[in-house]
Each structure stands twice: as structure tokens, then as C-alpha cells.
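If you read the sequences in order, they're chains A and B.
Here this note's numbering is used: position 3 in the first sequence is 3, and no number is missing along the way.
Here this note's numbering is used: position 32 in the second sequence is 32, and no number is missing along the way.
Simulated from the structure, these hints should not be mistaken for lab results.
Some clues are possibly wrong.
[What the hints assert, rightly or not] Heads up, incomplete: computed chain A residues facing chain B, CB under 7 angstroms, no partners named:
1) Leu10
2) Leu13
3) Gln33
4) Met34
5) Leu39
6) Glu76
7) Ala91
8) Ser97
9) Gly107
10) Arg112
11) Asp116
12) Val118
13) Leu119
Don't be surprised by glycine CBs; every beta carbon is placed ideally from N, CA and C.
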Amino acid sequence: MERKTFPAVLDNLEGMIAFVLEHAGKVGFSKEQMGELRLASEEALVNVVRYAYPSGPGSVDVACGPVEDGRGICIEISDSGIPFDPLSLPAPDTNLSMEQRKIGGLGIFMIRKIMDKVLYRREGARNVLTLYKNK
Amino acid sequence: MESSYSMECKDGTAKIVLTGRLDAASAPKFQEKLRELSAQKISNLVFFAKDLEYISSAGLRVIIFAKQKLGADAKLYLIGAPAAVLNVIKMSGLDNFMIVQDQYPG
Numbered sequence: 001m002e003r004k005t006f007p008a009v010l011d012n013l014e015g016m017i018a019f020v021l022e023h024a025g026k027v028g029f030s031k032e033q034m035g036e037l038r039l040a041s042e043e044a045l046v047n048v049v050r051y052a053y054p055s056g057p058g059s060v061d062v063a064c065g066p067v068e069d070g071r072g073i074c075i076e077i078s079d080s081g082i083p084f085d086p087l088s089l090p091a092p093d094t095n096l097s098m099e100q101r102k103i104g105g106l107g108i109f110m111i112r113k114i115m116d117k118v119l120y121r122r123e124g125a126r127n128v129l130t131l132y133k134n135k
Numbered sequence: 001m002e003s004s005y006s007m008e009c010k011d012g013t014a015k016i017v018l019t020g021r022l023d024a025a026s027a028p029k030f031q032e033k034l035r036e037l038s039a040q041k042i043s044n045l046v047f048f049a050k051d052l053e054y055i056s057s058a059g060l061r062v063i064i065f066a067k068q069k070l071g072a073d074a075k076l077y078l079i080g081a082p083a084a085v086l087n088v089i090k091m092s093g094l095d096n097f098m099i100v101q102d103q104y105p106g
């Protein structure tokens with residue numbers, strides 16, 4: 001796994017996603033899957049940028065590497081912010097009209113739809129979210 | 001492609017041309033644009049999405065907010081969206097609450 005640390009600010013979002021897509025490109029995902037990986041990465045990273053550090057600046061680590069003999073990718077996103085398990089969020093009711101919709105939970109819902117496996121763990125003082133997707 | 005959102009309002013119909021990406025970085029600009037509608041009576045909100053390459057939940061949220069502001073009677077159109085964008089809209093279930101077409105008026 002190759003690891004890179006970024007200040008957890010929105011201005012770095014594109015750089016973080018580019019790092020993920022560079023590794024995804026090496027695995028050889030289709031154009032459509034690359035779009036999905038961009039989406040899942042954005043949703044996971046934006047959560048950290050917006051919510052992990054309510055009281056000041058912080059950083060986010062992005063680590064990527066091939067899995068399953070190069071047939072898939074593992075993306076690990078970690079931060080030292082407040083403990084938060086995004087997988088604990090209830091799934092949004094996608095049958096509700098726009099007027100009835102509550103904000104929140106849509107990002108993680110889409111991550112789970114796109115990725116094959118999503119795991120969260122609290123490791124010491126860190127939140128670690130691990131995403132897997134195969135070709 | 002540069003992300004941009006141009007808008008034209010006439011006779012209760014707002015036409016918005018979306019290009020590039022509608023993501024967390026660009027959603028605030030898009031929301032600011034849609035705020036211009038709040039002073040007007042809009043019954044049709046038409047998004048031309050042929051050149052929209054990508055949308056994330058941040059973009060969807062702005063669309064949901066806009067619809068909530070305009071009220072239940074306002075109709076929302078999504079015109080010419082490419083498959084990548086349409087898939088995200090469908091994933092969120094929002095396709096059931098907008099008129100998805102290749103052309104406007106259809």
C-alpha cells in the first residue's frame with residue numbers, strides 16, 4: 001500500500017481523489033468503474049474534511065494498493081479526528097420525495113452500493129475506513 | 001472541462017445548463033446560483049445535463065434543497081444526462097421525483 005498524508009481541507013479533495021484514481025488506473029478498472037471510484041472516494045473524503053476535526057485543522061491519510069492478485073483495489077482512509085463510524089448511519093429512504101428527504105447518509109449509502117466491501121475500525125486514536133472493489 | 005452553471009429564467013421556467021462536475025468543491029457555487037430563484041415564482045426547473053460529467057451527493061443535495069424551496073408543485077426536469085450521472089441519480093432514488101428525458105420539452 002502506498003500512503004499519502006493531506007491536510008483535511010476541501011481544496012485538497014481533487015489531489016486526494018487523483019491519488020486514488022492513479023492506483024485504480026494501474027489495476028485497470030473500466031471508465032465507468034473509475035467514475036464510481038471517484039464518487040466513493042469523494043464521499044468518504046468529504047466526510048472526513050467536513051466532520052472529523054470540528055475544533056481545528058487536521059490531516060487525512062489515504063493509502064491505496066492492489067488486492068486479489070491485482071484484480072481489485074483497497075483504499076484506506078484514516079484520520080485522527082473525533083470517533084465516527086459512518087457505517088452506523090441509517091440508510092436513507094430512497095423512496096421518499098425530495099420534500100420529505102432528510103439530509104445526511106446519502107454519501108455513505110452510495111459508497112456501500114459502489115464498493116464490494118466497506119469496513120470501519122477505531123484504531124487507537126484513529127478512524128480507519130477501508131474500501132474494497134474488484135474489477 | 002471547467003464546471004459552470006448558467007441560468008435563464010422566463011415565464012416561470014428556469015433553465016440551467018450544467019457542465020463539468022457537480023461535486024463537493026463546486027456545489028457551493030451551484031447553490032449560490034440557484035439562490036437567485038428564491039425571489040421568483042418558478043414552476044419548471046430544467047437542468048440541461050448533456051455536458052455534466054459527474055455528480056456526487058453534494059450536487060444532489062443542492063438539487064434537493066432547490067426543490068424543497070420551490071415547493072411540491074414545481075416540476076423538475078433532467079435533460080440529456082449521460083449514463084454516469086443518471087446512474088448516481090437512480091442510486092439515490094431521485095429519478096422517481098424528476099422528469100428524466102433526452103430532450104426538452106420532450
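Hints the structure fails to honour: 3, 4, 6, 7, 10, 11, 12 and 13
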